[in-house]
Amino acid sequence: MGVRPTTAYFIVLWIFRNAQSNSFLLSSAWFAVLTLLYLEISMRVGTAPICIYGQAGCPSSSLADFFDRVIQQSSRMHGISSSLHSESEQNFLPRRNFIGKRKCHTYSIPTPDDKENAQRLGREQMIEVILRLLEAWSDPLSQFHLSMSPDQDQDFNQYGSNKALEISDMLHQLREGVTKMADKMKILGALGNSVTFLSPESFVPVSDFSFYKRGELNSVDHHNLLFCLNRDANKVKNYLRVLKCTTFPGTDC
Amino acid sequence: MMKNVPGSLLLLLVINVTLDAEKIGLRPPGKPVLTMCRSPEKETFTCWWEPGSDGGLPTTYALYYTKENSDAVFECPDYHTAGKNSCFFNKNDTSLWVNYNITVVATNTLGRTFSDPMDIDVVYIVKPNPPEELNVTVMEDKSWPFLRASWESPDKADTRSGWITLIYELRVKLEDDGEWEMHLAGQQKVFNIFSLRSGGTYQVQVRCKPDHGFWSEWSSTSYIKVPDYFHREKSMWILVTVFAAFIFLIAAWLIHMNGHSLKHCILPPVPGPKIKGFDKKLLKYGNSEEILTALVVPGFPPTTSSTCDDLLVEYLEVYIPEDQEMILEESKAERDLLKSEALRSDNDSGRGSCDSHTLLMEKCAQVKETDIGENPVMKEKQRHQQEWNESPLAYAHKDLLSPDMSGGRVKTWPSVFSPLPQQSAATLSQTNPLVMAKQHCHSDSLFPLGSTSSYFNHTAHSTEEAHRHSEFYTTNNHPQKLQARSDLNISNIGYSETPTSLQLPPMQPTSYVEVQEVNRDNMVLLQPAVSKGCCGDGRIDNREDYSKVKGMSSDKVLLLQRDVVSHEMDLSKEQKINGALEADSSSPQVSTVSPAQNKMSPTVDGYVDTAVMFTLPTH
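Read top to bottom, the protein sequences are chains A and B. The numbering of the first sequence is numbering that gives the first Met the number 0, which starts it at 0 and goes up by one. The numbering of the second sequence is numbering that gives the first Met the number 0, which starts it at 0 and goes up by one.
The hints are simulated quantities; they were obtained by calculation from the structure and are not laboratory data. We put the beta carbon where it would ideally sit given N, CA and C, even for glycine.
If you only want the chain A side, here are some residues facing chain B, beta carbon under 8 angstroms, derived:
id	residue
1	Lys102
2	Asp112
3	Lys114
4	Gln118
5	Arg230
6	Asn233
7	Lys234
8	Arg240
9	Lys243
Given these sequences and hints, build the entire structure.
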């Protein structure tokens, strides 16, 4: 509504200027002014504070909705990563023997590998694990995106480059979302104060990045990377779901 | 040599046995094949294999696996829970997001065979159990019933903790029909089915799938019968029928109302012969003679005796009245007189355009020029037309259109509005665009000669005068025939030199003059031209009517003296003549000379016929 009042103002001014002799124009100009004022006042958007604190007047499911959105985002990310991986698998099929020797760079991050362990973990640690995982992937993904050179393996590289960019954006958004959610949960008291979010450097040892020779990723590395990405995306999605259902036991769970 | 005998014998025995075994068909076990591994709830999983040939010997199978990034080999913990040729991994042994490399080994006494290894990640091999407790009921919705199906997630799949998320799919089929109707239900556990056939029996089944995994098997079928609601359906059909009938009635009525025009639109009528006065039926039934006689329609082609109105031909009738009175035009005061004259002469048919005030003398002059032999009327008409178009003069005729004057005889006078051209307008001080009336074909002479002067304003005199001027000019020292011309140039010349006020005397196209001689006294003797006739009548006035130039006044006025044979001119009245009389003494040229009055027949009032005379405004 910023541009409209200015233009309307100028139009009314012009009408006034030219309508001095003509009473009809003058009255119409007045009418226009009054109409604009009315519209301006009536079209003001009514705002209400977003419910964060779970107060009495608030709909209590606001955090749950936020959670749902985060989960949807993670689900989307996982979908893209799995499609990327299957594409890469089709192109990479002859070299299936190397799969057994794979090592993902995030293996050093301890993650629960079954339900009991996950439930035993607690919310704070769960969030921590999630954030660590997300953090560990931001750099390799950008490297992956840059290293998708067009000369080798044309079709896949074009497809993969676009998707890699998409995933890194999603990853970034997911990180922000989870952080925000954690803050909200802390405010709500769902999280204890023992949660300490470590600095990004301490999440993944730097030595692990040597796994990907910077700027020298070949197709084998690509395939491995996509495999690991797929897996980690699945982990994140799963952990988020568990987190949601333990925090908000509701109809969806 | 004696000691080697038992060894060799043993060897022989063994070879014998094996050879015997091969004769029987005993072989080491065939290669087992790992068919699939599945996890129902993402917490345990089972692998099944297909054994190869056993080689005729009892074969044992063992499953070994290694986990990702570890070289330790483990054997299957449970061979029995999941049935034969299976391996069941319980919760403790199951790790998610870890690659298992599984191999099955078949062993018999003859050897062992390894199967191809299989790499699995438990997360991706989830195939849940089918949903349970499928419940279908009929719900009433304003007598449009629908089915509501509800179910529960399979027992083992822990959706409550969020560990596993399932989506469901429903399928419905009428009992006797062959096609299943699929419906994706998402994560919900309730589903509504609409558009049912009344009285039918439906089968419903449901299955589920984790977001990345395999579909479960279909659940057990649930049967449901839909009650009858036929009467409600019928009411809708009744409504539809009534509405359609209503529309049909309206359409029929519309067509009936517009049937005629529609018929014309679709089937245009065939044009028949349209001959005036001809009976079409004659063509059908009459014989040829009748048709021919009927074709001779009286009144076609139209003859000249038909009225002018039918032909819409404008032509001018030129008439030279012999007893035309000569009226000396002097002033406006004569107008009334002229009007009366007009009235008097109203019933005279045959008065041509020359009698009308709208026609200028020029017109009449033109007439004189042309050969009146064949078709003077038409020629004049044409030239008249042309002339009028070119003529810069326009005449006001206020009284012309008044019905009083006409007395009812005159037809409409189409008025031609011709503004003065630039040239003439520049020269004229007063340029009143005057309306020029073209004479209709049926030109009763409304206005006698004398009346023409009444229609000219003083201001417009010059125009008329100039027009008049154009007719006559003569050069000095050249006794030549005065040619009456209506050249534009001449008229323009006349304009440049003419004074403004001019009174055009009533048109008397019948006469024109020619210079006879210029005598010593600088008098121009004019005489009427003998050769040319006038105004279609062919009547030539051969009287030697001429006027002697009496003298010249100081202000370039030619004073004409009537030298009438029969009548005495009223010499008391001077006639001012617009003359392109040049003041140049060297060549006393008389560029424009007023024509002599030919018609010397005096009117009762003693006026000279001013048809050929015009007064010149003095500069």
